[in-house]
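2 protein chains.
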Amino acid sequence: MTNLTLALDVMGGDFGPRVTVPATLQALHLYPSLHVVLVGNQPEIDLFLTKAEPSIRQRIEIIHTTEVVSMSDRPVHALRNRKQSSMRLAIEQVRDGKAQACLSAGNTGALMAISKVLLKTLPGIDRPALVSCLPSVNKAPVYLLDLGANVSCCSETLFQFAIMGSVLCEAVDKKHSPKVALLNVGIEEIKGNDQVQQAGQLLQQSPQINYVGFIEGNDIYSGNVDVIVCDGFVGNITLKTSEGIAKLLVNQLEQGLTQGWFVRLMAKLIAPRINSVLKQMNPDHYNGASLIGLRGIVVKSHGSADQSAYLQAIILAMTEAQRRLPKMIEERLESILLDINN
Amino acid sequence: MTNLTLALDVMGGDFGPRVTVPATLQALHLYPSLHVVLVGNQPEIDLFLTKAEPSIRQRIEIIHTTEVVSMSDRPVHALRNRKQSSMRLAIEQVRDGKAQACLSAGNTGALMAISKVLLKTLPGIDRPALVSCLPSVNKAPVYLLDLGANVSCCSETLFQFAIMGSVLCEAVDKKHSPKVALLNVGIEEIKGNDQVQQAGQLLQQSPQINYVGFIEGNDIYSGNVDVIVCDGFVGNITLKTSEGIAKLLVNQLEQGLTQGWFVRLMAKLIAPRINSVLKQMNPDHYNGASLIGLRGIVVKSHGSADQSAYLQAIILAMTEAQRRLPKMIEERLESILLDINN
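First to last, the protein sequences are chains R and G.
For what it's worth, the UniProt record's numbering labels the leading residue of the first sequence as 1, then goes sequentially.
For what it's worth, the UniProt record's numbering labels the leading residue of the second sequence as 1, then goes sequentially.
Okay, chain R solo, but in the shape it has when bound:
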């Protein structure tokens, strides 16, 4: 692996440096070619660096700032008034070519707004989308976008998201002609709101996109399609609902298996197996969503991510940087958009 540098907004998220710095140290241990720029309050960061070995410490650069984007900052406010924030300075590292990717667990709307202005979108793309890869019954990954960067989307935006999702799946999974679907309240053509219906019509006219029609919520995890498109309001709630129900199930199963001595004993004997299944289903295992459609790499971690979940997001950012994802998307996008416009 060639050297690569990540810029990390260590102040973002519910826990700040307490989680982000130890997770970064773990990543530096695992990947000797990784370098990081930690952006945030230096004294707070230093607290968690005291025990770092010199070989690790020398791969860490710190950019000190005390300004942060808060979770309640409106995107426009953050863009105009948080010019020294840890989030913005981290994105600037990517813009200036000093880092190949940046990562934040902070305010999604602000991350989207600042990234869009600083890094610019790819040709033909109006708005970046937040995308993540979900597990499925048949083990094939499923890309869901948008996950909350755009709470309202017109049909043209959904259409662009579908193209980006398709290109991403082709590029990352080397999948030929990935199946693309629009998330809707029914599979019949008459179903849904205007945006979804019109986006469906646009996709039907796009020869390079393998558009398979509408898909319902209960089919997201079936693995029947590769890319699922929706607006950020629906996508965010869909993803978080999945996490909620997974937790409910785990909770009920744990309760069910701790009542009665016989069941408790048996459950204990197969606990590793049950735990391994539950771990696979743990949303933290899939932490990290990418803001695609930009000319640089921006990864969003869940705000509530713990150390191991944050590490997953770091690994995602590294993987995208190694693949030079924006370049891959740009090249494929160019050919698809040319084909549609002709």
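What the hints contain is simulated information worked out from the structure, not anything from laboratory work.
One thing to keep in mind: the hints can contain errors.
Intra- or inter-copy, both count: the list cannot distinguish identical chains.
Unchecked claim - No farther apart than 25 Å at their CA atoms in a straight line, the calculated lysine-lysine pairs in the DSS-like style are these:
| hint | residue 1 | residue 2 |
| --- | --- | --- |
| 1 | Lys-83 | Lys-327 |
| 2 | Lys-139 | Lys-247 |
| 3 | Lys-179 | Lys-247 |
| 4 | Lys-98 | Lys-327 |
| 5 | Lys-174 | Lys-327 |
| 6 | Lys-120 | Lys-327 |
| 7 | Lys-247 | Lys-83 |
Given the coordinates of chain R, work out where chain G should sit on it, guided by the hints.
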């Protein structure tokens, strides 16, 4: 229990009379005071009645019709052109006072449109909402609405749904001042689209509603609130996503527990306990959503409901009829709306 009559659109759903008639027979066995009007194709219905005992058979009336509302019929089309459909005739039974409730597993949009015109909405309510009761971590039921009857909702509609949900929870669960929340992409005031933000402002000005603010998808099943409000597009996808992820989890757990002889043996010994937990989480267990805000009772079963799931929906319709739910909602609604308008 006093006698009550349900009108059943037996042709609706993926399986028609094959599922709906046997489930009805099961309900008639369980509830001696239940009478039913089966609306649909008589020869097809008769196929499943051949073995019914006389004491059961005499509590069944059949209204023969060959017309059905298809899943691809647009609501307006169904309303204007399906005047002899099993769905419409079943609703007419309620309108004409011949049945206390009706049940269909058919096209949701059509059910909503025909019910609205035939039964009318309650004073102060513009659009009926589809609502269902979900399980939660702390066992308290959670009402989620709308589940797909209204794919687009303005803030005023969301506001009315919140009032109806609150009244429903008060009426059915005898809960004082139930906690009402709006489903959103974040809990901060700045989050979400215009409709959700404006609905939040309306609710903040309503003294009789215990509005607690926004809630995220991962909190739906936590049991922290009693009523969750969203538009039908989001609600439908949220509910179906929950079903999808529950199936994925069950599937993975089953696979995980069938690999290796030791694990397989232990799993077999505690299978009843695992099965009882999984059964609790089975969406079929919660089948049946109510179209509230109407002057009559209309229950919607899942289209893919099997016999036991359809039976759950019948029991729901019976329960609402016994409680005279529309009357209960109307009385409480009147007082709340008076209070808001003054």
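Query - Hint check, failures only - result: 1, 7
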